[in-house]
Amino acid sequence: MEFEKKENNQKDIVKKLELDTIQTKEELRKTKDELQLQMWGLAKTNEAIRVLYKELEKKNKELEKLDQLKSDFINSVSHELRTPLTSIREVISQILDGILGETNQQQREFLNICLADVDRLRRIIDDLLDISKLEAGKLKLSRADADIVGLAKRVISTFQAEFKSAGLEIKENFPQEKAVAYVDQDRIIQVFINLIGNAFKFTEKGYVDVSVIDWPGFVECSVADTGIGIGEEDLPKLFGKFQQFNRKDPGRIKGTGLGLSISKNIIELHRGQIEVESKLDKGTKFTFTLPKYNPQELYKEHIIEGIQKASSDKGYLSVSVFGIKNLSQIAKNIDNEKLHSATEGIINVIKKNLRFGEDLVIKDTHTVMIVLPGVEKQKAAEISQRIYQAIKDFLTQRKIELDVFNEVVSFPQDGDSQEKICDKLSSISGT
Amino acid sequence: MGKKILVIDDNEVDLLIVKRYLTHEGFSDIITASGASEGVEKAKTEKPDLVISDTLLPGSNGFEVCRQVRKIYGPDKPKIIIITGAIDAVDAVQAKKSEADDYCAKTSDCAPLLEAIKKLI
Amino acid sequence: MPKKILVADDEEHVLKLISARLKANSYEIITAIDGKEVIKKAVEEKPDLIILDIIMPGIDGINAFENLKKTEETASIPIIFITAFPSEELRHKIFELGAAGFVSKPFEAEDLLAKIKRALGQP
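Protein chains in written order, with the numbering used here: chain A, 1 to 431; chain B, 1 to 121; chain C, 1 to 123.
Just so you know, the hints here were simulated from the structure itself, not pulled from any lab data.
Being a predicted model, the structure only gives us computed values, none of them experimental.
Incorrect hints may appear among the rest.
[Stated by the list, open to error] Interface residues of chain B toward chain A, partial, derived using beta-carbon atoms under 7 Å:
| no. | residue |
| --- | --- |
| 1 | TYR21 |
| 2 | GLY85 |
| 3 | ILE87 |
| 4 | ALA89 |
| 5 | VAL93 |
| 6 | LYS96 |
| 7 | ALA105 |
| 8 | THR107 |
| 9 | PRO112 |
[Unchecked claim] Result set (BS3-like, lysine-lysine): computed pairs, CA atoms no more than 30 Å apart in a straight line:
| no. | chain 1 | residue 1 | chain 2 | residue 2 |
| --- | --- | --- | --- | --- |
| 10 | C | LYS93 | A | LYS363 |
| 11 | A | LYS379 | A | LYS338 |
| 12 | A | LYS309 | A | LYS377 |
| 13 | A | LYS352 | C | LYS117 |
| 14 | B | LYS3 | A | LYS32 |
| 15 | B | LYS119 | A | LYS54 |
Heads up, the beta-carbon is just placed ideally off N, CA and C, and yes, glycines get one too.
Build the full structure now, drawing on both the sequences and the hints.
Laid out in structure tokens, this is it:
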């Protein structure tokens, strides 16, 4: 009896195991099917990603071509526009200067109107070129430490006569005598001219206030007026192209509609910011910031990004490093002021001998690095030799007893990666 | 080619692009629909040889369209391809599970779609 | 003795205008219409200064410049460029070459005259 029960139990167990096995096999089969499905899905996705990637590359190439075409087009159009303007301007100018005979008052008056418009056309062409370069990211800044208060004063003085005859005041607000920022002087002057010019245009009575304030890390500038102001709806469009509101300029210099757009681009290219506040009939205030010289930022921008670009373009980049031999020992024996002025002198010699690209000179604590994009080692060595000689001549002439060393590190000749180049540079400069 | 193709997509431009490339390939009989229910309706009435549907449709999706068409006609015909602007492995699996015949990416030259069509009809 | 200036531009009216302006400022003027002519006249007439348009058919301004600098008789004559398109690269190139300066079209007469004076070493 017990034995039968045990047999039945065993049969049940076996049956259960059989059923379990069938079920497990079934589940395994389902899982296998599911897995195959997933693999199919992944394979499809991978295939599609490859296709999309190729499409992206193709689109990129097309965009590059279009960009180049646009750039070429704008360049040739500007060339074609400037050429006839040359004769027009010169003829009018010669008549006005009396070279081609006598003229009466009325003739001169009208010819002056012509001349003003020719110059306006020229400004529009210049602005168009500027804006197209800025938008394509092709405008190069030539930066150096500059006193912004000085720049503002220069621009203000050119407006004095106009303001006086219009019965308006220019107020200066410079709490510090100097405020140095790392900028492209000509471009910042362009911004001041644009903002003060606008303020002048849109202010009937009262004043325009120009302020420059030195803050740690940046310089803050503003141009405020008591003019007709800008409506809330118009404020967002303000920095757009060809925006001109309230066209009731009574005989004052007409704008091109691109000034603010260019100014904004210039400030942002300097990694600064520009803002506007305004109330109708109360006045408008533009505020912008300019960054200060930061060797680390410059190092990153010119050297690290420069090598990355050279790497992807399969091009070259060289860095020529100049330093004072045995600086640590010399620093003990020589007067600090003398050392500082000698170093400044050396930097000036370097900049003079470069003739351009002054902002590719980075002054570190112990060395001066000149970044030469697109230049390979041989050429960089030649340029460095020329500069080295100039420095030696300078030191001899001033009877300064310092000895200078120079080393050239080139990509890809001296290192095929950004890390290798930076390592070599830091070992030279001792940082 | 003689084959009838139904294209379902709520984006007008995408619809036009597919239509243009299909015509260029020699397919002259092309019907379109811009929504799921319209698509299923036309599938029922027009009896296409191939249905191409976008994944995302207003209020519904391509997988739902696929399932409904299969309900009407069965697993073999018409051939169904699901296309998408946002390629996704999970969607690919769902396409297969809804009994679509293929799943591919939308590109500006419709190359993956045309390749898939060649294999099916 | 009035200073002699050689002006080269491929456009006749530009030549006419610049000549009129410079003559009114007591300079003696010779003209050339392309790169080849400017080299020829520079050797023949030995001007005190050359004004050179950059874009000219045949031998362009830059080529003519290099030619003039290589030729012994003309190497020391200061050269001012005129260009309708003063790009950054062009500015650099002009400096690199060692030109005495440049004006961009449309130029202001006072600007051109001042640059000529400076190149000639006049106050």
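Evaluated hints:
Given the 7 Å rule on beta carbons, the hint for TYR21(B) is violated: about 14 Å separates it from the nearest Cβ of chain A. Interface restraint check for GLY85(B): the shortest CB-CB distance to chain A comes to about 10 Å, outside 7 Å, so the restraint is violated. Interface restraint check for ILE87(B): the shortest CB-CB distance to chain A comes to about 4 Å, inside 7 Å, so the restraint holds. Annotation: ALA89(B) was flagged as interfacial toward chain A, and the flag holds, the nearest CB pair being 4 Å apart, inside 7 Å.
The closest approach between the C-beta of VAL93(B) and any C-beta of chain A is roughly 4 Å, which is under the 7 Å cut-off, so the hint is satisfied. For LYS96(B), the suggested interface contact is upheld, since its CB lies about 6 Å from the closest CB of chain A, less than 7 Å. Taken as an interface hint, ALA105(B) checks out: its beta carbon lies about 4 Å from the nearest beta carbon of chain A, inside 7 Å. Taking 7 Å as the C-beta cut-off, the interface hint given for THR107(B) holds, the closest approach to chain A being about 5 Å.
Interface restraint check: PRO112(B) against chain A, minimum CB-CB distance 5 Å, threshold 7 Å, status holds. A C-alpha spacing of about 26 Å is found between LYS93(C) and LYS363(A), which places the hinted pair at or below 30 Å, so the restraint holds. Restraint check for LYS379(A) and LYS338(A): not satisfied, since their Cα atoms lie roughly 33 Å apart, outside the 30 Å limit. Proximity of LYS309(A) to LYS377(A) is assessed by CA-CA distance (about 17 Å); at most 30 Å being required, the pair is judged to hold.
Using a Cα cut-off of 30 Å, the hinted pair LYS352(A) and LYS117(C) holds, with the two alpha carbons roughly 23 Å apart. Among the hinted pairs, LYS3(B) with LYS32(A) is inconsistent with the structure: their alpha-carbon atoms are about 36 Å apart, more than 30 Å. For the hint linking LYS119(B) to LYS54(A), the alpha-carbon distance of about 22 Å falls within 30 Å, and the restraint holds.
Comparing the model with each earlier hint shows violations of hints 1, 2, 11, 14; every other hint is respected.
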